[in-house]
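Trainee: Sequence:
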Amino acid sequence: MALPVLPAASRTGLAAADGSRAGPGGRRKGTRGERVVVAPARRRIAGADRAAHAAARRPAPPSRDVLPVSGPAVRSRPIRVVVAKVGLDGHDRGVKIVARALRDAGMEVVYTGLHQTPQQVVAAALAEDVDAIGLSVLSGAHMTHFRRVVELLAAEDAADIVVFGGGIIPPDDIAALAELGVHGVFTPGAATADIVGWLEQAVAPRLSRS
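Every letter in the sequence shown is one number past the one before it in full-length UniProt numbering, and letter 23, counting from 1, is 23.
These are calculated hints, taken from the structure and not from any lab test. Heads up, the beta-carbon is just placed ideally off N, CA and C, and yes, glycines get one too. Take the hints with a grain of salt, since some may be wrong.
If you anchor each label on the Cβ, the simulated ranges turn out as follows [as the list claims (entries may be wrong)]:
1) T144 to S76: 19 to 25 Å
2) D129 to E151: 15 to 21 Å
3) L88 to S210: 18 to 24 Å
4) D172 to A127: 18 to 24 Å
5) A155 to E179: 15 to 21 Å
6) A191 to P171: 18 to 24 Å
7) G189 to A127: 18 to 24 Å
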């Protein structure tokens, strides 16, 4: 999936905002080379060659708004991630930039598209056997959506799936999300390298068991 990255936005994280594109009948059009998978997703977007990227870059340290993760990253297989826009928020530039960064780091990425429910996101995650779920929420409903995703994962005995995301989230809410079981939160301005490096470490325990 080739996702467009504008120079001014190339370092923007999950919280980046932009207008969505609409085609005939209100259906969103993908940019050239982009494939949008509507949840529950059944197709994976393959990552780039892992060895080449591992040799060319080093994982970046987590940003200050991310819960620390200790221990080296373990890569017994490609990391699998679902990224999603939840609720009525239609700004998807940031989440697509992050999806591209994760893919370019060698991960398998499924982008579920706009206006997903927590139930759809979790269904896609279980169907694709992912290691992590990344949510982008700019509507202000982050507490509701993140809480519901964590609850649904627990109900499916899948609480080991790493939940992370971003949005315009106040510091007090970041702490509250951590208490709910959200593993990491990225606020506006977070670099994609920070997100990639943090996620590689966050999913290491899960990969070591697979």
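Trainee: Confirm or reject each hint.
Mentor: Each hint, compared with the structure:
Roughly 35 Å separates the CB atoms of T144 and S76, a value that falls outside the hinted 19 to 25 Å. Distance hint for D129 and E151: a CB-CB separation of about 20 Å, consistent with the stated range 15 to 21 Å. Between L88 and S210 the beta carbons are some 35 Å apart, a value that contradicts the proposed interval 18 to 24 Å. One distance hint, 18 to 24 Å for the beta-carbon pair D172 and A127, is violated here, with the actual separation near 35 Å.
Judged by the Cβ atoms, the range 15 to 21 Å given for A155 and E179 holds: they are separated by roughly 19 Å. One distance hint, 18 to 24 Å for the beta-carbon pair A191 and P171, holds here, with the actual separation near 19 Å. Between G189 and A127 the C-beta distance comes to about 33 Å, which lies outside the given range of 18 to 24 Å.
The structure is inconsistent with the numbered hints 1, 3, 4, 7, although it conforms to all the rest.
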